Structures are given as C-alpha cells and as structure tokens.
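All chains should be built: construct the whole structure from the sequences, respecting the hints.
One-letter residues, chain by chain:
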Amino acid sequence: MGSLLGDWPSFDPHNFSQLRPSDPSNPSKLTPATYHPTHNRTVPPPNQVISTEATNILLRQFYQRAEEKLRPKRAASENLTPDHGFKQPRGSFPDETSN
Amino acid sequence: MLSSTQPQPQSQGTRRKKQCGSASVLMFKGNNLASRVFERQIRTPPPGTSVYSARRLYENLVPSCTIYDIECPDLSFRKFTDDGQFLVCFSRNHHDLIVYRPTWLSFSCKDEDCDSCDLPSKAKRFESFFTQLYCVSLASGNELICKDFFLYVENNKFGLFATSTAQIHDAPAIGGAIQGIPSIEKITFHLVRMEDGVILDVKVFSNDYLGHSMGVFLYDDLLAIVSLRYQTVHILQIRDSGNFVDVRGIGAFCREDDELFLNSHAQCMITLDKNKLRELPANHIENGTQQHRHIPGTFFLSGIKQRLFSFIFRGIWNEQKDHTMRVQCLKKKFYFHFQDYADLIILKVQFLDRHHLLIKFGSVEGAVSRSTDQHPAFFAVYNMETTEIIAFYQNSAEELYYLFERYCDHFHAASGNSLYMNFISFHSNNIHALEQLRNVKSKTSSFPQFVKKMLASLPFSCQSLSPSPYFDQSLFRFDEKLISATDRHRQSTDHPIKFISRRHPNLLRFKIKPGLGDEDIGNVLKDLGLFLHNASIMVASHQAYIGLDGSISVYLILKQLVICIEKCVSFFC
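Chains as they are written, first to last, in this note's numbering: chain A, 1 to 99; chain B, 1001 to 1573.
Read the hints as simulated data drawn from the structure, not as lab findings. Any given hint could be a false lead.
Said to hold, decoys possible - So the derived list for chain B, only partly shown, Cβ under 7 Å to chain A, looks like this:
hint: 1; residue: I1312
hint: 2; residue: R1314
hint: 3; residue: G1315
hint: 4; residue: I1316
hint: 5; residue: N1318
hint: 6; residue: H1356
hint: 7; residue: I1390
hint: 8; residue: A1391
hint: 9; residue: Y1407
hint: 10; residue: H1410
What the hints assert, rightly or not - Calculated from the model, a selection of chain B residues having no Cβ within reach of chain A, i.e. all distances over 12 Å:
hint: 11; residue: D1083
hint: 12; residue: R1092
hint: 13; residue: N1263
hint: 14; residue: L1352
hint: 15; residue: R1354
hint: 16; residue: L1358
hint: 17; residue: I1389
hint: 18; residue: L1400
hint: 19; residue: A1413
hint: 20; residue: S1474
hint: 21; residue: H1495
hint: 22; residue: K1511
Given the structure is predicted, the values throughout are model-derived calculations rather than measurements. No residue lacks a Cβ here, since even glycine has one placed at the ideal position from N, Cα and C.
Structure (structure tokens):
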C-alpha cells in the first residue's frame, strides 16, 4: 500500500486504510502553526548557562538559616571583627566584662 | 499522548485514567509479567522515572519457593554486598574472611504446569548457589575481626574490614586523650580487593577508641573515622590503586597547616616570655609554655571548638540590637553554659556531601553508654573547606526536626555513583512511609520527646539500609517490626512475614517464613540479604537457633525464583 506507516502490524487490517501517502512532488499545503514572541522582555541574558546547583537542598536550607542568623541586624556600627592591627591579648574578651 | 483504543486482552488488568489537559491516557498495569514487558517496549515512561518503572516489575517477580535444610559451612554470615556480587562471611573464631561468589542454580521447565515441577536435587546444596572465592586471614595473635563492621566501596569493588584487640577500660588519659574513654591497643582497617582477597592497604590506630561500629562513614571514596579518645575526625581518601591517603584531621586543628602555625607561634611566645620574665623562677616559665599547648581542658580552645564557640557567640550577638540586651543575652545563653559547651566531645560524624560533615556532640557518658536519651546531644554542620560551622542545634530543636522530616533522604548522603541508593523509601520521598510517621507523631504524648527520639538516629550510619525493591514502600506493605531495610538484628517470630502488594491491598504477594516453626526458639539471630541477580532472585536467610539442649544449629534458607521463559505468559497471572 505504501502507506506512511509501512508494513507495521495492526490489530485490524482495515485500520489506516484511508490514509493516503504523501506525494513528495506535491508537498502538502498545510504548514504547521508556529508561534513567535511579540516582545523581548523575557529574553535570557546572552551568556546564560543553566546548571544544577552544587549543594543539595538540605545544605541550602542550612546555609539560608545561618545567613539569617548571622546577618547583623544593625548596619555596620557594631560589627564584631576587631580593628586591624589591634589584637586583644589572650584572656580578655572583646566586650565589657564588668557588671 | 495518544489514547489507545485497542483493549488489551487482560483478565486482571488495572486501568488508571489520567487527565492530561484535554487528552486522557489509559495506562494498564497488568499483573501479567509478559504483557508488562511488552508494554515497556512500546510505551515511554514519564521522564525521569526509569528506576521507578524498572522497580515496578518487582511486583511480579517475587520469591515463590523455599528450600529448607541446606547444609552450609559453619561460618558467621555477614552480608551480601549491595551489588549482589559477593557474600561476606567470617570464620567462627573471627580470624578469617571468607568470600563467596553467588553463582545461582539455573533451571528451566517446559511443562504445561510448572508449579508442580520439583527442583533438582542439586538445589539442596550450598555449593550450587555459592562458590568460595578465597579465605584470607585478617586477624592475627590476639586480634579479632569486628564482625559488625563491613563497608563496600562499590566503584572499585573494595571491601573495608576492621580488626581490633581487646578493649581496655579505665585507660589513663595520656597523650591528649580524653578522660573516661576506653582504649584499644590496636585497631587495624584492612582494604581488601573483593575479587581475589588481596589486602591492598591497612590503616592502624594505636591506643585509640573509635566507638561502636568503629565510628566510620564512607562517602564515595572519602572515609571519615572518628577517634573518640583523641577527639579527631580523620578524613581519608581511598584511591583507585587501593591506598589510604590522609586528607585532613579535624579536631584540635581545622586546616592542614594550623598545627605548624600554632607551633611556630608557641615558639615565638616562649622566646618573648623568656625575655620578659627572666627574673622569675623556672616553674613560671614552664607554666607559660604549657599554656601555649592546645591540650583539651585548658582555656585555650582551638580547632573545631573555637569555630563552634564563635558560631554560637555570633548568633547570640546578632539577635539583639540593643547593646545592654545583647550582653544580658550573652551572659544567659553563652557564658552561663560556657563550661558545658567546652566539655562537649565529638561523638559521631557523617558526610552530608563531599565538603560538609554532620557532627554529633555530646558528653563523655553519652559516648560509652548505648542509650543516649538522658545525655545532652547537639548537632553541628561543618564545612571542611571553609572550616566554618554552618549550623548548631540541640537534639530537641524543632527546627532541625523540621528539616529532618522534610529532607530525610538528603541526610542519607548517597553519592551519585550508586543510583539505586537514592531510591530507598524514607518518609520524605514516599507517601506511605510519611503516613506511618504521621501516625507515630499523632500518637505521641510529648512532642519534644518525639523530636529527641527521631533525631537520635542522626548521624546515620552508612550502608546500613538495604536498597532492595522489596523494601520499597510504594510496592509492598510489610510489618516494620518484623522486617525492614535496616540491617538490624531482630527477635524473630513464628509468624511468616508477609509482603502485601500496595496496588492490590488484599493481595499477598509473598511471605517469608523465618523458621521451621517446630523448634522452641530461645534466641534467634537473623541476617537477611535480598537482591537481584540476573534472571533469578535470591532471598537468603541465615538463622542460628539455640535449641533446647543448648546446641547451635544453622540453617540457610534459600528462596529461589526461576523464570520459565517459554511459559511466562501464564506463569504469573
């Protein structure tokens, strides 16, 4: 029959009997519908590379909570890192130990 | 997806209708093995579900017969390796390692009614199923093989075994050791090539104590060994050539060059002290030098303890904006408990990935006793590369429990290499297991106690769960008290252990009879190994009964499933 489906086995030999093979010299008039975007708001950045996150979801959760916990609530004025060049001598902590 | 309009010639098929937008998909999951195989050939499974689709065929491939009373060698059977290639046994005197290759009996039946076919007489012989590969002596002198310890490095087919001498209680705390931890004169780890029994490398720990199950965690090629006595986590790498390579030791030091830096600093301080305090008597200078040595118990906290304290401190510091409140908070939460935190020791460790460790901290009493209920316990997440503590929780922390409930399967750090290890049923990846957990949770009277109980299983021991599809909760329902994926010895019962299909809740797929049922079982030790090998599925159950007269008898019960290729259409309906 020369159908598009060739000689594939079929449950009922009369199935697909209406199908006409496509003629290569007379291409079908139907063109598949294509869709084009009308704007470019959602164009990805030109050198975007999508890859898997290296840390798994559990570790991401731990890091997220650590960040929330350790993010200083006040900006800059009371940061903990001591001034450069001024090392506290061993035995005293960098805060008030009185009262 | 197209819908199939041709009805399948199926008597007991299950039809599931799935709405995908406007198309409806009819998916047959029949009980007929042959039709399922044919369907697998023509139908693409949903993306990313190849392992699940393959596993579902195990609903049809179940053990169907039991062979009793097989004479087997007098050995202590330990475990099948997870890839099913080797059976690991130890000699009764715990000196030798004997490894068998499962070779399986092959048998086919061409009759109309295969069920009435008897297995040949050679099916009753141990040698028909297992071939001995080698017998290698691991322990010499007064050493014994630690029979509870075996780790399998799957990539290279290496086996990790441990031998140790006897435990010395009340060992003196010398050389930086912790008081109260026993000592073992020599612990040796042996790396054995499983195919031929060649011992590739050994690692010896002297006058050390590594805890129950040797405190070892294997992740891919990285090994973490916790020395309880010296409070160090040794990280080793197992090379492809079969050598142990020391990567780092975490404890008193975090980075590889910390020790060098601190020693050189100590030298410098000694010189300064000597210059400044020349008039003082000699013992003062000695006291000065002692203070520079990082002995646990002195106020100079180094290494991982320092990281831990700074994490706790910074967390409390950042809680309050007001300076006075801050100080109050610190006094209450940090300084008040300072000594308690300083007394904490590393108990157990596991990998969360190649760079992160989950460390359990506790008290010395918690280290030596088996029950950790009354002892305090804390968990910390440590990044080995940046040497930072990321998280610190007490064992009653609800936040940690919340993470455990949602991401339990990520706590079981399964490396990328063994695919099937990612599909073990936990309550975070299986709805039936989650339901069981919810039942337990709803019945509990005290939620903090429940949290402590659940978190007591952390850190997990590696390779302690069987990846067998028969323990997949989506496929089978079974009594968790009688059998489960964990490699734990259980009290056996006379009742057969039933595996019921999940899809057909009334259909018993197969059952395992744990014993012959006609003996008074005093103490039963059971070791169950379950895996697939080519065309036949073997369940080997080894039991030792202590009979009424005190004698020990060993039975190896093998259940073997034989697929008859010619008759597989009607075989499993």
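Going down the list of hints, with the structure as the test:
The interface hint given for I1312/B is broken, as the beta carbon of that residue sits about 10 Å from the closest beta carbon of chain A, more than 7 Å. Residue-level restraint check for R1314/B holds (minimum Cβ-Cβ distance to chain A is 5 Å; threshold 7 Å). Checking G1315/B against chain A by beta carbon gives a least distance of about 5 Å; that is within 7 Å, so the hint holds. With a least beta-carbon distance of about 10 Å to chain A, the hint placing I1316/B at the interface is violated under the 7 Å criterion.
Restraint check, N1318/B versus chain A: the minimum CB separation of about 6 Å is within 7 Å; hint holds. At about 6 Å, the closest approach between the beta carbon of H1356/B and any beta carbon in chain A falls short of 7 Å, and the interface hint on this residue holds. Given hint, I1390/B at the interface with chain A, holds; its Cβ is 5 Å from that chain's nearest Cβ, closer than 7 Å. A least Cβ separation of about 5 Å between A1391/B and chain A falls short of the 7 Å threshold, and the interface hint therefore holds.
The criterion of a C-beta within 7 Å of any C-beta in chain A is met by Y1407/B, whose closest approach is roughly 4 Å, and the hint holds. For H1410/B, the interface hint holds, the least distance from its beta-carbon to any beta-carbon of chain A being 4 Å, beneath 7 Å. The beta carbon of D1083/B sits about 24 Å from the closest Cβ of chain A, which is more than 12 Å, so the claim that it is off the interface holds. The non-interface label for R1092/B is consistent with chain A: the shortest C-beta to C-beta separation is roughly 43 Å, beyond 12 Å.
Here N1263/B stays apart from chain A, with its beta-carbon at least about 16 Å from theirs, past the 12 Å limit. Its beta-carbon lying about 6 Å from the closest one in chain A, L1352/B breaks the requirement of being farther than 12 Å from that chain. With a least beta-carbon separation of about 10 Å from chain A, R1354/B fails to lie farther than 12 Å from that chain, contradicting its non-interface assignment. With a minimum CB-CB distance of about 9 Å to chain A, L1358/B fails to clear the 12 Å threshold, and the non-interface call is violated.
The claim that I1389/B lies off the interface is violated: its Cβ sits roughly 8 Å from the closest Cβ of chain A, which falls inside the 12 Å cut-off. A beta-carbon of chain A comes within 12 Å of the beta-carbon of L1400/B; the shortest separation is about 10 Å. Not every Cβ of chain A is farther than 12 Å from the Cβ of A1413/B; the closest lies at roughly 9 Å, contradicting the non-interface assignment. Every Cβ of chain A is farther than 12 Å from the Cβ of S1474/B; the closest lies at roughly 21 Å, confirming the non-interface assignment.
A cut-off of 12 Å between C-beta atoms confirms that H1495/B is not in contact with chain A; the least separation is 38 Å. Chain A leaves K1511/B outside its interface by the beta-carbon criterion, the shortest separation being 37 Å against a cut-off of 12 Å.
Checked against the numbered hints given earlier, the structure breaks hints 1, 4, 14, 15, 16, 17, 18 and 19 and satisfies all the rest.
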